[in-house]
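**Student:** Single-letter residue listing:
There are 2 protein chains.
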Amino acid sequence: MFNRVAIIGLGLIGGSLGLALRQARAARHVAGFDLYKQVVDRARKLGAIDQSCASLAEAARGSELIILATPVGAMRPLLQQLATLASPGAVITDVASTKAQVISWAEEYLPATISFVGGHPIAGKETSGIEAADATLFKQCVYCLTPTKRTSPAALEKVAALIDSLGARMRFLEPSEHDGMMAGVSHLPFIAAIALMQTTALNPAWDDASILAGSGFRDMTRLAAGSPEMYRDICLTNSETITRWLADYIALLSTLRDHIATRDLNLGEVFAQAQKARNNWQEAQEQTKNSNPK
Amino acid sequence: MFNRVAIIGLGLIGGSLGLALRQARAARHVAGFDLYKQVVDRARKLGAIDQSCASLAEAARGSELIILATPVGAMRPLLQQLATLASPGAVITDVASTKAQVISWAEEYLPATISFVGGHPIAGKETSGIEAADATLFKQCVYCLTPTKRTSPAALEKVAALIDSLGARMRFLEPSEHDGMMAGVSHLPFIAAIALMQTTALNPAWDDASILAGSGFRDMTRLAAGSPEMYRDICLTNSETITRWLADYIALLSTLRDHIATRDLNLGEVFAQAQKARNNWQEAQEQTKNSNPK
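Each protein sequence line maps, in turn, to chains B and A.
Per our numbering, the first sequence runs over residues 1 to 294.
Per our numbering, the second sequence runs over residues 1001 to 1294.
Honestly, the hints are just simulated from the structure, not real lab data.
Glycine residues also receive a C-beta, built at the ideal position from the N, C-alpha and C atoms.
The reader is advised that the hints may include incorrect statements.
[As the list claims (entries may be wrong)] Straight-line Cα separation of at most 30 Å, DSS-like style, residue types lysine-lysine; simulated pairs:
| id | chain 1 | residue 1 | chain 2 | residue 2 |
| --- | --- | --- | --- | --- |
| 1 | B | 158 | B | 125 |
| 2 | B | 289 | A | 1125 |
| 3 | A | 1125 | A | 1037 |
| 4 | B | 289 | B | 276 |
| 5 | B | 125 | A | 1289 |
| 6 | B | 45 | B | 158 |
| 7 | B | 139 | A | 1125 |
| 8 | A | 1276 | B | 125 |
| 9 | A | 1289 | A | 1125 |
| 10 | A | 1149 | A | 1037 |
| 11 | A | 1139 | A | 1125 |
| 12 | A | 1125 | B | 276 |
| 13 | B | 125 | A | 1139 |
| 14 | B | 289 | B | 158 |
| 15 | B | 37 | A | 1276 |
| 16 | B | 276 | A | 1037 |
| 17 | B | 139 | B | 276 |
| 18 | B | 125 | B | 37 |
| 19 | A | 1045 | A | 1125 |
| 20 | A | 1149 | A | 1139 |
| 21 | B | 276 | B | 125 |
| 22 | B | 37 | B | 158 |
| 23 | A | 1125 | B | 125 |
| 24 | A | 1045 | A | 1149 |
| 25 | A | 1139 | A | 1037 |
| 26 | B | 125 | B | 139 |
| 27 | B | 45 | B | 276 |
[Stated by the list, open to error] In silico contact screen, one side only, chain B against chain A (beta carbon under 8 Å); selected entries:
| id | residue |
| --- | --- |
| 28 | 150 |
| 29 | 193 |
| 30 | 199 |
| 31 | 203 |
| 32 | 229 |
| 33 | 247 |
| 34 | 249 |
| 35 | 253 |
| 36 | 260 |
| 37 | 281 |
Sequences are here, hints too, so could you generate the full structure?
**Tutor:** Shown next, in the form of structure tokens:
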């Protein structure tokens, strides 16, 4: 059991981590800090934290585990400040969607007495903020850890204990490997959703067409409702791989456009391949869930 | 109340129409026909039809309303045959996702004694087939009708009565206007989903990356699981407008790719615009539903 955990950033992920940790009785004391005082107070009222802190210093002091649950962009100054504010022996982990950049900041700023372990729980909702926090958000989700050769086994063990208390499934990856794969299965999808939303909403026919948009459109644009700041920070810190995946996506769309323009009868086979790939993925997902009934 | 309605094609839409019509007691007798005998038998067992017909002729005979609920591609030969098989005075309607092509076939093949009204209920599920049929599928959905100057008011009235019995919301559109708008809000989304599924599944990293794919990926590829035949027929019969929308989508994606490649800090504003457009659409949808609590 942790003596004292600090959560920095009390949005959907930070708030849900607090709720989950407290419900699992995995920490004696959970301290919380956020840029907005009303968010910290709300997190306390909702039971996500035991203590509302007025500063990063107050939250960090004496915490053996410090979880950064802010947008990626905020993590750089936080790590710079924690270099002096965190207690010697503390372990810092983060939940950012991109890992290489955060890890390079941590290795640049933190002294040898403070450990860092990059983490990323693959969990989310289309709603954000402390009000959306949910103690079960991480149950059975994949929680990536991206240790480097500088990560100490003791620090890794602490973060593994955190993940275990959340009921999540741990997975180890190289930081660059993580970022490359997430660019394909997470970052490309939100860009595709945003582009679809903009393509339709900027069309002169949108006022009338919007009434005809059904459940397919709803699902395909759901991600466009996500946090613009979070998406921007992801793009800024994972620019190269996202650009590569986007080029692949655009190339495939261009090929499809050519097939459609020429009324190619083989379109059905291309669509059948995609259907098969989607069904295979869905089946594999269900099998994994059934084999891990936590 | 209809005396006799025939449903041709007993998949998700045809089966759901039968269930809804019978539960609303809107027809004294519902006859059904499908290319596959076991589907017709299953539809009868599930209560979607009163009579399993062994041929199109048997289903059409004496029916005052004939509903074509097959993929678009099958409608051409069906309309050719119904020109002689349908009883004089019969009204034929369809449920295809594209309207201009079907209407031109109907106007080419049907004699003046048989009326045609193009229709399109905007309802669906990711699962298809008679087993997925659902009597409530059309409740509150938008049901487009695309009458032309050759459509008789009496025929239109019959199809309006059908829509009313389903609890759907009727909307009149020009066929080309319907096809142009649906290309944006329905056809472009399924192509975007298929392309995303293929871009990721064809990548060498897919085996590992697929494990990291979460709820965003799931929603963004759900449409890729839809019927390849239906999608192909939609693309073949609405090729021009889909091609135009795809060009717009590709252009917007290319612009985003350039912003991401150059780490443009203004990305957040573009994403915020998309978020706003998505939230506005969602609100409008909810308002419409609340003002039509059928």
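**Student:** If you test the structure against every hint from before, which numbers come out violated?
**Tutor:** 10, 24, 27, 28
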